[in-house]
Amino acid sequence: MSSISEFLQQTVNGLVMGSSYVLTAFGLTMILGMLDMINFAHGELLMMGAFVAVSLVIGLNLPYLVVIPIAIVIVSILGVIMERLAFRPLENSDRVNLLVSSLGVSILLQNGVQLIWGPDPRNLPSPFANTQFTFAGAVLSGHRLFVVVVSLVLIGILYYVIQRTKLGIAMRSCAFDMETAKLMGIKARTIIVMTFAIGSGLGAAAGILLAPIFSVYPTMGVAATVKAFVVVLLGGIGNVTGAIAGGFTLGLVETYAAGYWSSEYKDVVAFLIMILVLLFKPEGLFGKNVQEKV
Amino acid sequence: MKKKWLLIICAILFFIFPFIIHNNYFVHIMIMAGINVILVLSLNLISGFVGQISLGHAAFFGIGAYASALLALRGVPVWLSMAASIPVAAVFGVLVGYPVLRLRGHFFAIATLGFGEIVHLVLNNWIDLTHGPMGLSGIPRPEKIFVLDFSSKIHYYIMILFFVIVTIYFSQRLINSKVGRALVAIRTDEVTATAMGVDVTYYKMLAFTWSAALAGFAGANYAHFVLFLSPETFKLAGSINILLMLLIGGIGSISGAVIGGLFITVLSEYLRAFAEYQMFIYGVLIVVVVVFAPKGLSGLIVDVARKVNLTGAKKDHKEGAKTHEPANTAD
Numbered sequence: 068m069s070s071i072s073e074f075l076q077q078t079v080n081g082l083v084m085g086s087s088y089v090l091t092a093f094g095l096t097m098i099l100g101m102l103d104m105i106n107f108a109h110g111e112l113l114m115m116g117a118f119v120a121v122s123l124v125i126g127l128n129l130p131y132l133v134v135i136p137i138a139i140v141i142v143s144i145l146g147v148i149m150e151r152l153a154f155r156p157l158e159n160s161d162r163v164n165l166l167v168s169s170l171g172v173s174i175l176l177q178n179g180v181q182l183i184w185g186p187d188p189r190n191l192p193s194p195f196a197n198t199q200f201t202f203a204g205a206v207l208s209g210h211r212l213f214v215v216v217v218s219l220v221l222i223g224i225l226y227y228v229i230q231r232t233k234l235g236i237a238m239r240s241c242a243f244d245m246e247t248a249k250l251m252g253i254k255a256r257t258i259i260v261m262t263f264a265i266g267s268g269l270g271a272a273a274g275i276l277l278a279p280i281f282s283v284y285p286t287m288g289v290a291a292t293v294k295a296f297v298v299v300l301l302g303g304i305g306n307v308t309g310a311i312a313g314g315f316t317l318g319l320v321e322t323y324a325a326g327y328w329s330s331e332y333k334d335v336v337a338f339l340i341m342i343l344v345l346l347f348k349p350e351g352l353f354g355k356n357v358q359e360k361v
Numbered sequence: 006m007k008k009k010w011l012l013i014i015c016a017i018l019f020f021i022f023p024f025i026i027h028n029n030y031f032v033h034i035m036i037m038a039g040i041n042v043i044l045v046l047s048l049n050l051i052s053g054f055v056g057q058i059s060l061g062h063a064a065f066f067g068i069g070a071y072a073s074a075l076l077a078l079r080g081v082p083v084w085l086s087m088a089a090s091i092p093v094a095a096v097f098g099v100l101v102g103y104p105v106l107r108l109r110g111h112f113f114a115i116a117t118l119g120f121g122e123i124v125h126l127v128l129n130n131w132i133d134l135t136h137g138p139m140g141l142s143g144i145p146r147p148e149k150i151f152v153l154d155f156s157s158k159i160h161y162y163i164m165i166l167f168f169v170i171v172t173i174y175f176s177q178r179l180i181n182s183k184v185g186r187a188l189v190a191i192r193t194d195e196v197t198a199t200a201m202g203v204d205v206t207y208y209k210m211l212a213f214t215w216s217a218a219l220a221g222f223a224g225a226n227y228a229h230f231v232l233f234l235s236p237e238t239f240k241l242a243g244s245i246n247i248l249l250m251l252l253i254g255g256i257g258s259i260s261g262a263v264i265g266g267l268f269i270t271v272l273s274e275y276l277r278a279f280a281e282y283q284m285f286i287y288g289v290l291i292v293v294v295v296v297f298a299p300k301g302l303s304g305l306i307v308d309v310a311r312k313v314n315l316t317g318a319k320k321d322h323k324e325g326a327k328t329h330e331p332a333n334t335a336d
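In the order they appear, the protein sequences are chains A and B. The first sequence begins at 68 in this note's numbering and counts up one residue at a time. The second sequence begins at 6 in this note's numbering and counts up one residue at a time.
Read the hints as simulated data drawn from the structure, not as lab findings. Do not rely on the hints blindly, as some may be mistaken.
[Claimed, not checked] Cβ pair distances, simulated, as ranges:
hint, chain 1, residue 1, chain 2, residue 2, range
1, A, L152, B, L305, 13 to 23 angstroms
2, B, Y275, A, R189, 30 to 40 angstroms
3, B, G137, A, F347, 24 to 34 angstroms
4, B, V313, A, F347, 52 to 62 angstroms
5, A, A290, B, V81, 56 to 66 angstroms
6, B, L305, A, E246, 46 to 56 angstroms
7, A, T286, B, F31, 45 to 55 angstroms
8, A, T286, B, G137, 11 to 21 angstroms
9, B, V231, A, F200, 21 to 31 angstroms
10, B, L305, A, T247, 16 to 26 angstroms
11, A, L352, B, L78, 50 to 60 angstroms
12, B, E237, A, A255, 34 to 44 angstroms
[To be verified] Here are some chain B residues the structure puts well away from chain A; computed CB gaps all over 12 angstroms:
hint, residue
13, L18
14, G110
15, F233
16, E281
17, Q283
[To be verified] To list a few chain A residues with every Cβ distance to chain B over 10 angstroms, as calculated:
hint, residue
18, V147
19, P156
20, G179
21, L212
22, V293
23, F338
24, M341
Owing to the predicted nature of the structure, the values given are computational and were not obtained by experimental measurement. The C-beta atom is built at its ideal place from N, Cα and C for all residues, glycine as well.
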């Protein structure tokens, strides 16, 4: 394989990872901006998405393309329930209690799933598994291209909603300053619930899209949460444009590091970049954003 | 005065229990609880006293454990290797603390999380040194001193209990000292503390380094007790578990850290009886405790004690309102 085709292949793989990071990071960054809360259970929504998809595809024999929207809706509802039961009762409590609560939810979901589906990794078949494209000497799998295309469409819709619609503007203003947003007549409670629903749905989408590439197992959400934190910090807390840029940057950097250096230490590269950004540009790499609340 | 006697009675009870209840399994759990209490107290130094939530504490625990085990496996006497784990972990504390302590709040938490993951990845992949995922085995127990023979669990338990008491005493003395007051001032309001002439950077570094050193020492105790180390113990889940012990017990309070370490260790052992439901129930309990007792178990005990003791209720209530936020340190 020539070095150009290898580079092309790495780039597609990087875009696949990057787009899933963007989808996962959205919910996390908005919630962190709005509620000043680190939601450790966010990756578990991605895992739930994958498991719901597996049961629908294998259990009910539904086609993969039909399953995607159904699973997204189911996980969105789950995200709203999670907010209602574990986070809203603590809205006036110390922020650290929200973190503990989300850790509890994360443990609960991981092990609940393990009770229902068992600890063994599962596979989700994709209709594009056998399609392959050859481009400039690189062999690109159909499913990976499908992931990139669907993610880009979702990210495009998301970007439009956030930048142009009333809901998006309300979400951004809540993330910017919740109190002022309330004073301007924004129904903060509704916006928080909407954010949980949309964020959970997008996280689930990432899980469902990646499931055919990696296997599906109960603890898969932990790594997703951690990576999403890195993306959030790269992009700046509460900043959606930053999360998009940060997600793709991380995906590409990680894949190149794995391909050209060492696959064992690719995560070290990710964390080192994160720590360096925190030290030298704590507001995130991309643009202005919500500053740390005092 | 009453409280002092209560503490002494507790200490005596903890000392004599293995001689009354001849149950090796229970002694084993209590040793693990003791190690966890030291570990939680070490996290309390930085997360409780200074208010910086660390999500990478298992890394210092792991560094201490691996340092001591590797030295002992190369023939260094165990007592010496255990002692060496303290400065080794402290050096890492300085190296990590120097850049990371400049960050605040969530940024600090996530940066320490990144550090913890890096340590785990290195332990897992530096096969020449750490044997990677296969783990380190054949770690020796500490050598005999006088009548204490550490191949016996009861004797090991007594050593851990001694270390726990020393750690509690050290934490208590620290929080009531000039340093402790400086730390609490930083936790309450960093800007005001600076204005009052507190050298914030210096005190934060001090607390973080001590915290790392103590966690490393807990790690050394762990290594020579379980005699097998694998990187799995020292990843994010480990750090989270330490933090949960502290938060469920009651952050910022020494008794809270002790209660949390003891309670969660014993609880998770007890839940083993429920086999596959163990961790699920654990998760539910965490949410329930935090929703209904946001100040942790020690806060809950204080509240209940106040309600029961109706006579002093009014006066205490006023005080309680004042010291409501994070937690009371003066226990």
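**Item:** Cβ distance range 21 to 31 angstroms for B:V231 and A:F200, holds or violated
**Value:** 52 angstroms, violated
Chain B versus A:V147 - minimum CB to CB distance exceeding 10 angstroms, so not interface
The claim stands: A:V147 keeps its Cβ more than 10 angstroms from every Cβ of chain B (closest is about 16 angstroms).
query: Is the gap between the beta carbons of B:L305 and A:E246 within 46 to 56 angstroms?
result: Violated: the Cβ-Cβ distance is about 31 angstroms, outside 46 to 56 angstroms.
> That 11 to 21 angstroms hint for A:T286 and B:G137 (C-beta), does it hold up?
Replying inline: 20 angstroms, holds
Taking C-beta pairs only, is B:G110 more than 12 angstroms away from all of chain A?
B:G110 is in fact no farther than 12 angstroms from some Cβ atom of chain A, at 6 angstroms.
(request) Check the following: the C-beta atoms of B:Y275 and A:R189 are separated by a distance inside 30 to 40 angstroms. (result) Cβ of B:Y275 to Cβ of A:R189: about 32 angstroms, so the range 30 to 40 angstroms holds.
Beyond 10 angstroms from every chain B Cβ - status for A:L212: A:L212 clear of chain B: closest Cβ-Cβ about 30 angstroms, beyond 10 angstroms.
**Request:** Classify the label on A:V293 as holds or violated, using whether its beta-carbon is more than 10 angstroms from each beta-carbon of chain B.
**Result:** 7 angstroms, violated
task: Given the hint of 13 to 23 angstroms, check if A:L152 and B:L305 actually sit that far apart at their C-beta atoms.
output: 20 angstroms, holds
* To do: Please settle this one: A:F338 was flagged as non-interface, so is its CB more than 10 angstroms from every CB on chain B?
  => About 4 angstroms separates A:F338 from the closest Cβ of chain B, which leaves it inside 10 angstroms; violated.
### Whether A:G179 stays farther than 10 angstroms from all C-beta atoms of chain B, as the label says
With a cut-off of 10 angstroms, A:G179 comes too close to chain B, as the shortest Cβ separation is near 6 angstroms.
- Task: Check the non-interface label on B:Q283: least C-beta distance to chain A beyond 12 angstroms or not.
- Result: About 8 angstroms separates B:Q283 from the closest Cβ of chain A, which leaves it inside 12 angstroms; violated.
Taken one by one, the earlier hints fail for this structure at numbers 5, 6, 7, 9, 10, 11, 14, 16, 17, 19, 20, 22, 23 and 24, listed in ascending order.
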